[in-house]
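Student: Here are the chains, one letter per residue:
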Amino acid sequence: MTDTNTNMRLKLPITCFILEIILIILFGVLVEYDKETDARKWHHSNHSEYDNDFYYRYPSFQDVHVMIFIGFGFLMTFLQRYGFSSVGFNFLIAALALQWATLMQGFFHGMHGGKIHVGVESMINADFCTGSVLISFGAVLGKTSPVQLLVMAVFEVTLFAVNEFILLSLLGTKDAGGSMTIHTFGAYFGLMVARVLYRPNLHKSKHKNSSVYHSDMFAMIGTLYLWMFWPSFNSAITAHGDDQHRTALNTYYSLAACTLSTYAMSALTAHDGKLDMVHIQNAALAGGVAAGTAGEMMLTPFGSMIVGFLAGIISVLGYKYLSPILESKLKIQDTCGVHNLHGMPGVMGAIVGAVTASLATKEIYGDGLEDVFPMVAVDKKSASYQGGIQAISLAVTLGMALGGGLLVGFIMKLPIYGAPSDASCFEDSIYWEVPGDEGGHEGQLTTVKTEEFAKPEETEKLN
Amino acid sequence: MTDTNTNMRLKLPITCFILEIILIILFGVLVEYDKETDARKWHHSNHSEYDNDFYYRYPSFQDVHVMIFIGFGFLMTFLQRYGFSSVGFNFLIAALALQWATLMQGFFHGMHGGKIHVGVESMINADFCTGSVLISFGAVLGKTSPVQLLVMAVFEVTLFAVNEFILLSLLGTKDAGGSMTIHTFGAYFGLMVARVLYRPNLHKSKHKNSSVYHSDMFAMIGTLYLWMFWPSFNSAITAHGDDQHRTALNTYYSLAACTLSTYAMSALTAHDGKLDMVHIQNAALAGGVAAGTAGEMMLTPFGSMIVGFLAGIISVLGYKYLSPILESKLKIQDTCGVHNLHGMPGVMGAIVGAVTASLATKEIYGDGLEDVFPMVAVDKKSASYQGGIQAISLAVTLGMALGGGLLVGFIMKLPIYGAPSDASCFEDSIYWEVPGDEGGHEGQLTTVKTEEFAKPEETEKLN
Amino acid sequence: MTDTNTNMRLKLPITCFILEIILIILFGVLVEYDKETDARKWHHSNHSEYDNDFYYRYPSFQDVHVMIFIGFGFLMTFLQRYGFSSVGFNFLIAALALQWATLMQGFFHGMHGGKIHVGVESMINADFCTGSVLISFGAVLGKTSPVQLLVMAVFEVTLFAVNEFILLSLLGTKDAGGSMTIHTFGAYFGLMVARVLYRPNLHKSKHKNSSVYHSDMFAMIGTLYLWMFWPSFNSAITAHGDDQHRTALNTYYSLAACTLSTYAMSALTAHDGKLDMVHIQNAALAGGVAAGTAGEMMLTPFGSMIVGFLAGIISVLGYKYLSPILESKLKIQDTCGVHNLHGMPGVMGAIVGAVTASLATKEIYGDGLEDVFPMVAVDKKSASYQGGIQAISLAVTLGMALGGGLLVGFIMKLPIYGAPSDASCFEDSIYWEVPGDEGGHEGQLTTVKTEEFAKPEETEKLN
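Protein chains in written order, with the UniProt record's numbering: chain A, 1 to 463; chain B, 1 to 463; chain C, 1 to 463.
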């Protein structure tokens, strides 16, 4: 299936080359090593090698990195004929987004003497921002060209950095695991883009918008890596010591409880009591999202488990009852159900964070209060003020996400990016050389396989 | 295939909800942060952030976590039509077991002033205990309902904690990598459960009790993650410094030698010299099991390699010659061959540990003796006393596992959990919505695929 | 398909047993714990547990370990009927190579009082050397027996250690990430072996020398793990502190830029603008190879991105235009295209390293100069001298690789190892029990699947 419109021969190379060359130039002008990465600066002062932040954060960074590329990438391979695109476009837009995010986040909160300083913390932050873009990707999965996605990434990263700057730097919000900055932002941004890109005739490719047995197995790889490493995600940029430790622990319990309630709800809502892979793959992760803000606080294991337990319930209910309504009433075609995995649990996480923050006392946190709530400990604001700030931040994030998604959705709707037709959505062979299309295969039986796996459009024609 | 008996619509949700709500209540009453996770307590005393145990153990924890969820989960996906259940039930029972284990292990050896203290070490220990349950799961794989498995997990975790308490706290046994506490216990417990649940007519689903090409590929993901991270598993809770370092090193060499002997034996025992994926997927891991007790001791690389080399040989011979006998004579249907991977190598590891312990001298260990054998270094017991304790511990473990498995097997045999019929064992579609059962697929060729992957019961009918 | 020639019943066990027994004896005679792994030695002196190198390097080691076993193993599973062999032989020869490498590298640069000292650094170095062997494996993939591969591994490891000794110990070359020692050496060694083993009639199995949809998905698992963990690979044995930190950062940027240029070039060089999985799976990694030497230097993020950007372009061009010429003109059948992924980018990395080294100044590196260029800082050689040494090292490596590959190629060509016939290359069922060849499958439709996945030779006969 070669189509002039979706032909990427010039569009994709031009976009990639221009973006990468701009990035390289801006990095040349603006970016330099921070004092823990620079040979001269690091050796200038006296310290143990262990004081280098690399040893505090690099293992967490690698876990986050796996979540971004394997976790998100494979989670989206559940579609029967869209595995190359899911994992491949995920790879492409993540590689772009992390570079652009380094610049944007550096511009807003990493400038030192006119230069953006980079090190392991900027790497983690860039990966976090990338995660937000990949959440939005989940909402439009299967219906966009790679060029469209690159355009989305550039704008979304920029707006993400603005929102993050408002929250973390201007308002003093706490959101280490990004319930608001990453999940709520990414989900509602993506949902709004999906709304703008609404396709009334998407039913033409409906038969491809579902899984097959082995594609669900690949997707479980993504799910499990996200699940296992979420404690690292939420704790990656919290303060050293008890903060990182506690955040990982809280997230671990939240996820465990969420898994139990997800399985329970999946069986309960099925007419024949059978488990639904969509729920297991997604809703079991909602506990990580919902612990993203309060995870670093003294939420206690007890509190974490309640949060995770409820997040799993809400998420399965969303998949079962809300997603169909979103599509039929609000015209939001949310391929991966990011509203159920990142949207609602993200909002819930923000609220849990606001409540937990407003309950903070010196008695509970001791001298650790400064690490978690510097505004309360140092600036002598009240805990309920902090809680209010957290609530306002949720509103700001929702506004930025919806407004930004609306704007960027219209930019993405321009008919110049080679988006697929309604009938060729959820189909790898539009943008990829799919094996079996040509070449060395011989024999009747092999042809059967080839057609099954690789030529869905011919399968259709046969009927 | 919908069956009233195996319908999980009420059974599974009720079980999950009751268990999780009990867990949450008990966590609320009993569990609190330990002094390295609690904001107030950690900041109360003066220390470098690096002294926080998080930095010593969290990377190991994450490796162990991957072994539990990806390693065990995917290792069991080798069955052609049981991938959803293998990885999905593994996920469910692990999420339950790690919570329950936190309570049980905390109750037996983590109480401080009436509270169970949690942190990275309790997370690792809970994952370890979960590993034991997953080993037992391997023995009954394909023949149990998720509710049965949850019931097994609750009881097995409890008995695991009792056995662990007897060994580590009462007797003073050393077993950092759990040759006894985890592998021997999990294997013989599971084998006894399998014995009680013996199905004389299991041949009805025999054609599904085997692999297909791509299911073996998925299983290799599990194998390799177990193999790669086993050094982290055995060293995760040893003393800081040389102990963690040495344990990882010993395990690495044991596994490498085991891999060579596994390939050799696999080819040697095949009539046509072809390698058998069952051996590669499983026996190559026996070296990690067999180094589970002695790994932290001064086993030397030389000793580790001999141990691994022999473990691989024993394990392949078990798969080839012993497993058929276990099934035909002892009526133990051991789906994954856990006797060959965890049972015999676990016993071997216990014996190696006992011998190595009895050879310990102050000359060899220097001041490090206290870390490895505090009973010898501090309580002035002789090394042979320690060796005797190790041997007794093996006997205790075998007794606890077999007795516990017998008891729990009969509990699991009650006809109330929705276990599959003999003909529907090893079959995902009993408990899962399997893609292709209904929905958007159209066209003849797609139907072929659908039937192949998803409707084995119809395939049978056609004959 | 059972064939007397390729029957491994005696050949493989004898080879494995002899090699492993030799290894065990040599380890018994020669190897002992280093001072950070030995209980007595470590406790003999006073230091914080954190000073143990385990905590500086073990997380990096585990990442490298994943690259070796999952990364390389799954990257090569792209072939439609060679998944068992790709991941299984990778596993076997890696397990051998890391043991043999410990001895060879220890012999050349780890002897202390007649003993080879082992610890986390020797583990990383052994894995590095193993990586080189696996690169060569990629060149001959599908055309060799496991015994042949073991023989190759033994000789290649030995020559690798000699070359490494010449470079690192005699010449004072810097090559932390192994652009020369690992990638250039492994690639050109493997290419020369492939040249010697040239098969004029390989077209007989041409239809199997390609991917299918799901085999490309498995290969992406390998690609992504290599990509994600490459920063750990390049930084695993650099000096503590800023050096490890900077190397990881540089590699991260190089890979991100490389990914963009790879996608661009893949679309640009396809006549219909469709992305080619071969490029994405391989060329996107060239940025890691090309940053292997200069990664630890003050290359700057800007420089790293330029290097990665160019490496991606070169690599795709190699796959598209150079590989066919290598096969038709030079008679080099390079199955995985290691020349494009490791060969050219490795040479490029060496050159970048030489240039970067020659530009080193005390002003840029400060007191960190000693860590990166001890020869310049301590021995007072000039930076351009270091640059010259780097360039000479590339020439030495190319010579050693080509000469060694020639020699070992002829050893491997002896008709005693059970190599596959031309028609049975790229075929698992020569050396593996492939499911479906016999056993419990019943029914017409299942048979179709069986034949598709497992009996390609019969598929051919049917035509």
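Derived from the structure by calculation, the hints contain no laboratory data.
Take these hints with a grain of salt, some might be off.
[As the list claims (entries may be wrong)] Far from chain B, by Cβ distances over 10 Å, these chain C residues were calculated:
id : residue
1  : L10
2  : P13
3  : A95
4  : R195
5  : L197
[Claimed, not checked] Listed below are the simulated EDC-like cross-link pairs for lysine to aspartate or glutamate, each with C-alpha atoms no more than 20 Å apart in a straight line:
id : chain 1 : residue 1 : chain 2 : residue 2
6  : C       : K41       : B       : D53
7  : B       : K35       : A       : D371
8  : C       : K320      : C       : D371
9  : A       : K35       : A       : D51
10 : B       : K204      : B       : E370
11 : C       : K41       : B       : D422
12 : B       : K115      : A       : D51
13 : A       : K41       : C       : D272
14 : C       : K35       : B       : D422
15 : B       : K35       : B       : D53
Ideal Cβ placement from N, Cα and C applies to all residues, glycine included.
Student: So which hints don't hold here, by number, going up?
Tutor: 1, 2, 3, 6, 8, 10, 11, 12, 13, 14
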